[in-house]
Amino acid sequence: MALMTTTTLYSPILSVSGRNFEINKSKIKSSFFSFAPGSSRSWAHLLAADRLRGCINRRPRRCGVAVFSSNEKPGGESQDDFPDLTEDEFAERFKCPHITDLFNVQPMRSTFCTKSSCPLPSESSSVSSRWEDLGKMFVHEDDRVLLKTIKYANPTSSGAECFDENCSFIHQWVIRAGPRSKIYFDPADVKAAVVTCGGLCPGLNDVIRQIVLTLDVYGVKKMLGITYGYRGFFEESLQPIVLTRDVVQNIHLAGGSLLGVSRGGAKTSDIVDTLQEKGINMLFVLGGNGTHAGAHAIHEESRRRRMKLAVVGVPKTIDNDILLMDKTFGFDTAVEEAQRAINAAYIEANSAYNGIGIVKLMGRQSGFIAMHASLASGQVDVCLIPEVPFTLDGTSGVLQHVQHLIEERGKAVICVAEGAGQDLLPASNGTDASGNPILGDIGTHLQREIKRHFKAANVPADVKFIDPTYMIRACRANASDGILCAVLGQNAVHGAFAGFSGITVGIANNHYVYLPIPEVIAHARNVDPDSHRPRLTTEATREHCISLLHENSWKFSLDDGYAASWLPNVPDNVGNCASSPDRLAPGNVLEAFSLLHLWNRENLGMSVSEDLLGLELIKGRDSEQIQGTGFSKELYMQAAHSFASTSCPRMMMNRELQEQDPYSSL
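full-length UniProt numbering numbers the first residue of the sequence shown as 1 and each following residue consecutively.
Misleading hints may appear alongside valid ones.
Unchecked claim - Pairwise CB distance ranges, derived in the manner of DEER restraints: (1) Thr431 with Tyr470: 19 to 25 angstroms; (2) Ser428 with Tyr470: 36 to 42 angstroms; (3) Ala456 with Leu253: 48 to 54 angstroms; (4) Asp273 with Ser158: 47 to 53 angstroms; (5) Asp270 with Leu102: 18 to 24 angstroms; (6) Lys191 with Asn154: 51 to 57 angstroms; (7) Leu146 with Arg306: 31 to 37 angstroms; (8) Asp326 with Asp101: 26 to 32 angstroms; (9) Glu277 with Leu146: 41 to 47 angstroms.
Keep in mind that the hints were calculated from the coordinates and are not lab data.
As the structure is a computational prediction, the values presented were derived from the model and not from experiment.
Positions of the beta carbon are idealized from the N, C-alpha and C atoms, including for glycine.
Just need the whole structure built from these sequences, with the hints factored in.
Dropping the structure here:
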């Protein structure tokens, strides 16, 4: 669902073929294009004009061209929901709940001591000097990590997220994770519990293991593993597992979870009742957004009862859709395994006559796995993710493009995230035990539609469909995820002993941090289609505007579903702008294509400010000068090529410029 937004824009004066796009120096309000919701920087990539001298159409306004993708779920790859907070407001919002908020607890000296950090005493070293050396391993209470590390000079910079039009830099500090020299729980009195919820994820056993080992280092002797998620708190048939160093020593060598997993759970009050009955005062919860919502509810209920309980979460999702995190554990392993499936699909497609390989990957609301796996494999021709809408039928649809790939190259590989294209499937009102909407199967639907399309076109095609979902999530963590899991598990325990509760631990800007749970579960994190990784994916998958390769028209979807046709030649009469092509005399390729937009505005009744796409083409670019006058097809094609090379990454189409002359099929 498109989000209509009012935005303040600034622009200089631009000249095209002797005519000026004059921009008022005052702020220009525009509310006619759709954004990816939560993307605080999408507006900065467009250039708006309030009037065009000598070429203004006064027909009723229709919608503007929707270049940026829209999604019902807010949040982008690197965006946040607080670009307008001051530094003090941000610090207050990200203050982590602490045990001293409720109790007057005096801290004690930390018992965290390893062999490497606590060397055996020697005759030449005093107790005070040994403690001073030990202190160097601790994190100071006031240590903070910057959530954002880039100061953008201009709103038009790639990835810019600006507090104001001047891109003022606001320090957004969060609490640094790590062991403290003072702790608020006596290890002798601690009874800790670990629970894993939701679905499987590579690295679960690694985190469980490291939590237990770190608790053991602190001196904790009572540790329980709650079996099968939150269900283990209230089902009498499910008994907890006593955890020790020996029990968990080698569990990281296998995938899955030692404790088991399940979705859904009991009432929060029932879970807290069980925690009280068992005397548990540290709870470590491994799970995704839904699980963390449950952990936060447990934290709030325990505070209401004035229980001395530390609730600490560890984000778990291979979808990588947790806000504010660089990545979540299991994601790297998932991408690595998904790449194997893509390579298998490529081999199948390459070995068959007119072979088409389809791989469906996990990604309910975000396409991180599909995007990164496509980029890593280098074999994907079409990558479809939930954040970028697409159509199957029509001249600019996926099916027509796949047919073009088959005709030109004899093979095609498609990677699709499970949440992509749900608007093309029958709506389902059902939800799973975790409350997630039950998705339609876009993979089998795509396979079926491709077969139908090629049969109707009388073109033979050999379609193979691969769904490696459960293979990906059930495998053992790779080395990268194994290290991440170890540090996350350690820091979860450090956070609990430091007295924090209602927090989760993660990695932000390559540093480990503590974050209040509500800030990371506000909504799912999504791929920003305009960020650098989707652009890299665009290059890797050779995505390009389909029409430049094999169609005679070019169509873009508009906000209200209206379609504008972009003809490969401008008629002799270009609306009110000029009476003949000779009068246009474009000075460069981008100007030529911009004039095509002027013609469409005249014929579609769009105002100048609505046609942002055309204006974006000539924004701040040095273009090759073209000699001669008149609006020839060759000149138009060069303009269109220049546009497609820079603007197509937002559309899930295909690029083949690396392999052939972009004009050869026209």
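Hints versus structure:
Distance hint check for Thr431 and Tyr470: the Cβ-Cβ separation is about 20 angstroms, which falls inside the suggested range of 19 to 25 angstroms. Between Ser428 and Tyr470 the beta carbons are some 21 angstroms apart, a value that contradicts the proposed interval 36 to 42 angstroms. Between Ala456 and Leu253 the beta carbons are some 51 angstroms apart, a value that agrees with the proposed interval 48 to 54 angstroms. For Asp273 and Ser158, the Cβ-Cβ distance of about 52 angstroms falls inside the hinted range of 47 to 53 angstroms, so the restraint holds.
Between Asp270 and Leu102 the beta carbon distance is about 22 angstroms. The supplied range of 18 to 24 angstroms therefore holds. At about 55 angstroms, the CB distance of Lys191 to Asn154 agrees with the hint of 51 to 57 angstroms. For Leu146 and Arg306, the hinted distance range of 31 to 37 angstroms is satisfied, since their beta carbons lie about 35 angstroms from each other. The hinted window of 26 to 32 angstroms between Asp326 and Asp101 holds, with their beta carbons roughly 29 angstroms apart.
About 43 angstroms separates the C-beta atoms of Glu277 and Leu146, a value consistent with the hinted range of 41 to 47 angstroms.
Going through the hint list in order, the structure does not satisfy hint 2, though it satisfies all others.
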